[in-house]
Amino acid sequence: AQSVTQLDSQVPVFEEAPVELRCNYSSSVSVYLFWYVQYPNQGLQLLLKYLSGSTLVKGINGFEAEFNKSQTSFHLRKPSVHISDTAEYFCAVRQTRDNNNDMRFGAGTRLTVKP
Amino acid sequence: DAGVTQSPTHLIKTRGQQVTLRCSPKSGHDTVSWYQQALGQGPQFIFQYYEEEERQRGNFPDRFSGHQFPNYSSELNVNALLLGDSALYLCASSLRGPGNTIYFGEGSWLTVV
Chain A
18 AQSVTQLDSQ
28 VPVFEEAPVE
38 LRCNYSSSVS
48 VYLFWYVQYP
58 NQGLQLLLKY
68 LSGSTLVKGI
78 NGFEAEFNKS
88 QTSFHLRKPS
98 VHISDTAEYF
108 CAVRQTRDNN
118 NDMRFGAGTR
128 LTVKP
Chain B
1334 DAGVTQSPTH
1344 LIKTRGQQVT
1354 LRCSPKSGHD
1364 TVSWYQQALG
1374 QGPQFIFQYY
1384 EEEERQRGNF
1394 PDRFSGHQFP
1404 NYSSELNVNA
1414 LLLGDSALYL
1424 CASSLRGPGN
1434 TIYFGEGSWL
1444 TVV
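If you're matching them up, the sequences are chains A and B in order. Take any residue in the first sequence, note its place counting from 1, add 17, and you have its number in this note's numbering. Take any residue in the second sequence, note its place counting from 1, add 1333, and you have its number in this note's numbering.
Any given hint might turn out to be false.
Which chain A residues face chain B? A few, computed with CB under 8 Å, are given here [said to hold, decoys possible]:
id: 1; residue: K66
id: 2; residue: D119
id: 3; residue: F122
id: 4; residue: G125
Don't read these hints as lab results, they were simulated from the structure. We put the beta carbon where it would ideally sit given N, CA and C, even for glycine.
Please model the complete structure; the sequences and the hints are all you need to start from.
Shown next as structure tokens:
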């Protein structure tokens, strides 16, 4: 079974500052890794995903994440945040086994960007 | 191109009642999954449907059941509602295959009183 731990439940940051949202995972099999964002009263939107290849993944809205296999981490970063980045962010893993849609999510990190 | 659409957006039910939630997948997608997101938590996988059959199931009781229609749309049914079933229910769709992106709808908010 897989599990995901998001190390910070809340991250307050000032506008234009850099931010890192931390995610660690545990799995006995190989997994794909994802970050989703959820704005208030909305569903989940994919920010980026790691399937294979380069460990640095670039996503939408200026976000990027780095896969670190030895530390089983997939931290999300943005060099300069905007007020509009205020949202809930979820890290998720999914087995690479064919046709597996059982996505395991972390509990989420609430990013609050202050002016 | 419409994304994943769900209905209703909000509903209130009484303990013991039954509820049906509906989902239309993103155009071209053949696989539908359902997730439950309790307040302040991440989504939890309920089950997945492909070719009108339940293919995978998470750790949810039999009170949770579903259906997929020939046009790939899906329903989630929950019987004998409990207060703890109050949550946001998310439908997600994708093309079958490893690594394909899963797209989520905006969810149906269920409140059980």
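A quick look at each hint next to the structure:
1. K66: Cβ of K66 of chain A sits 7 Å from chain B, so the hint holds.
2. D119: Nearest chain B Cβ about 5 Å off; hint holds.
3. F122: holds (3 Å)
4. G125: At about 5 Å, which falls below the 8 Å cut-off, the nearest Cβ of chain B leaves the hint on G125 of chain A intact, so it holds.
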